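2 protein chains.
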Amino acid sequence: MEKKNRGVLAVVSGFSGAGKGTIMKELLAQYPDQYALSVSATTREPRPGETDGQEYFFVSDERFREMIAQEELLEYAGYVNHYYGTPKAYVMEQLDAGKDVILEIEIQGALKIRKKFPDTLLLFISAPDAKTLQERLSGRGTEDEGTVAKRLSRACEESEGIEAYDYFVVNDELGKCVAQVHGIIQNEHARVARNLEKIAQIRAELKAFERR
Amino acid sequence: MEKKNRGVLAVVSGFSGAGKGTIMKELLAQYPDQYALSVSATTREPRPGETDGQEYFFVSDERFREMIAQEELLEYAGYVNHYYGTPKAYVMEQLDAGKDVILEIEIQGALKIRKKFPDTLLLFISAPDAKTLQERLSGRGTEDEGTVAKRLSRACEESEGIEAYDYFVVNDELGKCVAQVHGIIQNEHARVARNLEKIAQIRAELKAFERR
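Chains A and B are the protein sequences, given in the same order. Position 49 (the first sequence) corresponds to 49 in my numbering; numbering is contiguous. Position in the second sequence (first residue = 1) + 1000 = my numbering.
Simulated from the structure, these hints should not be mistaken for lab results. Small disclaimer: the values here were computed from a predicted structure and weren't measured. Don't take each hint at face value.
What the hints assert, rightly or not - Label pairs and their in silico Cβ distance ranges:
no.: 1; chain 1: A; residue 1: Y90; chain 2: B; residue 2: E1050; range: 20 to 26 Å
no.: 2; chain 1: B; residue 1: Q1201; chain 2: A; residue 2: Y90; range: 36 to 42 Å
no.: 3; chain 1: A; residue 1: I68; chain 2: B; residue 2: L1174; range: 24 to 30 Å
no.: 4; chain 1: A; residue 1: R63; chain 2: B; residue 2: Y1031; range: 49 to 55 Å
C-beta atoms are modelled at their ideal positions from N, C-alpha and C, and glycine is treated no differently.
Can you make the complete structure from the sequences, with help from the hints?
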């Protein structure tokens, strides 16, 4: 039986309002055996409805500092008094088992992970244009103008980092976008760099035939 | 209206008997508006059934030397008294028109083209294993043992160059393989490096909104 290839580590970032979350949910719903979504650890309190291990692993400040010290995190960052980080063990286990692991993190984290694992795939999801983006941000109807303005300002900052990514995926139509993200991650398995063993084996077999 | 992206230049190489030709034919049949297949120029005589401009552009030695001198070829090589080369003008026209151009050439030519155009995509098509390859080579039933042996020896040589390619595509099942080659070439359009203008535009629009 063929040895299962190691999974692809993919980071998905994108503007708030670009539909990232929905795309991730769809990918996991359509291909539950192919993908694993990494769950971040955080020191902030769970909000009503949030479950430990689902949205986040909720840990104490002390435990988080221990995770940093023990190198149990692939990357971490602090926002407004709280820490957020990506636990390493789960990601490594899933990759070893041949699952493609998706991390939904922002650019600073993406770059840290790529530095540690150069074959990480970086995808940036965008709305078709800034106007659509602004409409989607406002259109949720749950946020006031101040929040929308803050998100827009954050989107401006994030837009400075897009050039560091591998793929720029426009979410114009959800189904098409999900299929594209899936295709990009799956094609990564066909990269020559990921098939060196198989290539060496075919080469050896061909030479064995030739010598007969 | 959105400006049509420049086409992707893709080189497809692979072992004789790996099904390259069939894959190309299927791609063009299924997506006639998306792809253009480059036709090589050669100084060899047309064989019965071959039409000028179809399988090859059949040219004289003198005309071929002129094409070399005038830099009308993207790459060329000599085999057993004859020259083969890729006319540049057609490829450039089709890329400018937004078509993805596929060159079916061997590794030396592939590397020459990549040197001139670093964003050329290199795909190598293989049978699932050496045994299948040998069976396919013999199985055509039209070649004697000597020819099969010669092809096998050539396959051994070609196998040395696979690491220079981007993707290693296994042709296990034709339909699946065609879809994969299509996906790989199409996803190339979503590469960040191919969308710098679009990214700059979204960035500018976001900043304009923010300043309001």
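Verification of the hints:
no. : hint                          : verdict
1   : Y90(A) x E1050(B): 20 to 26 Å : 59 Å, violated
2   : Q1201(B) x Y90(A): 36 to 42 Å : 38 Å, holds
3   : I68(A) x L1174(B): 24 to 30 Å : 51 Å, violated
4   : R63(A) x Y1031(B): 49 to 55 Å : 54 Å, holds
Violated hints, in rising order: 1 and 3; the structure is consistent with all others.
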